[in-house]
Amino acid sequence: EPEVTQTPSHQVTQMGQEVILRCVPISNHLYFYWYRQILGQKVEFLVSFYNNEISEKSEIFDDQFSVERPDGSNFTLKIRSTKLEDSAMYFCASTQGTSGETQYFGPGTRLLVL
Amino acid sequence: QKEVEQNSGPLSVPEGAIASLNCTYSDRGSQSFFWYRQYSGKSPELIMFIYSNGDKEDGRFTAQLNKASQYVSLLIRDSQPSDSATYLCALGGGRRALTFGSGTRLQVQP
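So the protein lines, in turn, are chains V and B.
Its first residue numbered 13, the first sequence is counted upward by one per residue in my numbering.
Its first residue numbered 2, the second sequence is counted upward by one per residue in my numbering.
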């Protein structure tokens, strides 16, 4: 069964460093998403992406964040200058986007900012 | 601002019993409702979705939606210890961002 994959599974970085989280969505899906979950808190939406542009973003997704689809398979989230409060689990999700479709989540990247 | 409310639990039920998980939401315009299961340290896993008022059954799971009361629930019949997890209610779907509740932790006692 096709699934969303994410790399790395864990990332430790120093505050102020740039990180890139990578995702490979399900191959016939057209809409891609990033969510995050701070430990013990709810899953929060960051950004959605369709047709090579951002279609929706939350207040969390400020200028420190960017997304890109550099090729036909990868979807990346970049955090330019990490803060301690960026420590969280980051989930990528994808959907075909037709009415009735659901979002399928990848296994996540656990980011720890020291 | 969409809000999704869930009792954090834990909800403890004995093995074989019915577990009832509830969710209320604030956005009357919400059309699509989802239940995800999340094991500790893992990603959300879709259990089922519901769009229409009434009940929808899938195996041991039944989702119930009442749009007038802005209420959606999940029943798990014949609960198993492997069902012990956090159950997340979410609104949205299709192309729109999902709005999640905080989740209800379910413990099934053997």
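Derived by calculation from the structure, the hints in this document are not laboratory data.
Errors might be hidden in some of the hints.
What the hints assert, rightly or not - DEER-style ranges, computed between Cβ atoms:
| # | chain 1 | residue 1 | chain 2 | residue 2 | range |
| --- | --- | --- | --- | --- | --- |
| 1 | B | K68 | V | M27 | 30 to 40 Å |
| 2 | B | K68 | V | S93 | 36 to 46 Å |
| 3 | V | K95 | B | L47 | 30 to 40 Å |
| 4 | V | Q76 | B | G42 | 17 to 27 Å |
| 5 | B | N54 | V | K54 | 21 to 31 Å |
| 6 | V | H22 | B | E16 | 30 to 40 Å |
| 7 | B | S53 | V | P14 | 35 to 45 Å |
| 8 | B | N8 | V | N64 | 40 to 50 Å |
| 9 | B | S53 | V | S93 | 29 to 39 Å |
| 10 | B | S41 | V | Q29 | 37 to 47 Å |
| 11 | B | S13 | V | V36 | 35 to 45 Å |
| 12 | V | E65 | B | L47 | 25 to 35 Å |
| 13 | V | L126 | B | G42 | 29 to 39 Å |
| 14 | V | P20 | B | S53 | 24 to 34 Å |
In this text, a Cβ means the ideal position worked out from N, Cα and C, and glycines have one as well.
Results of checking the hints against the structure:
K68/B and M27/V have their C-beta atoms about 46 Å apart, which leaves the hinted 30 to 40 Å range violated. Range check, K68/B to S93/V: Cβ separation about 44 Å, and the 36 to 46 Å hint holds. For the pair K95/V and L47/B, the supplied restraint of 30 to 40 Å holds, since their beta-carbon distance comes to about 31 Å. Hint check: Q76/V to G42/B, Cβ distance near 25 Å, so the stated range 17 to 27 Å holds.
Between N54/B and K54/V the C-beta distance comes to about 26 Å, which sits within the given range of 21 to 31 Å. The hinted window of 30 to 40 Å between H22/V and E16/B holds, with their beta carbons roughly 34 Å apart. The hinted range of 35 to 45 Å is not satisfied by S53/B and P14/V, whose Cβ atoms lie roughly 28 Å apart. Evaluation of the 40 to 50 Å hint for N8/B and N64/V yields a pass: the beta carbon distance comes to about 41 Å.
Our hint of 29 to 39 Å for S53/B and S93/V is violated, since their Cβ atoms are close to 46 Å apart. Against the hinted window of 37 to 47 Å, the Cβ-Cβ separation of S41/B and Q29/V comes to about 28 Å, which falls outside the hint. At roughly 39 Å, the beta carbons of S13/B and V36/V sit within the given window of 35 to 45 Å. Taking 25 to 35 Å as the suggested C-beta distance range, the pair E65/V and L47/B conforms, at roughly 26 Å.
Distance hint for L126/V and G42/B: a CB-CB separation of about 20 Å, inconsistent with the stated range 29 to 39 Å. At roughly 41 Å, the beta carbons of P20/V and S53/B sit outside the given window of 24 to 34 Å.
Of the hints listed earlier, those the structure fails to meet are numbers 1, 7, 9, 10, 13, 14, in rising order.
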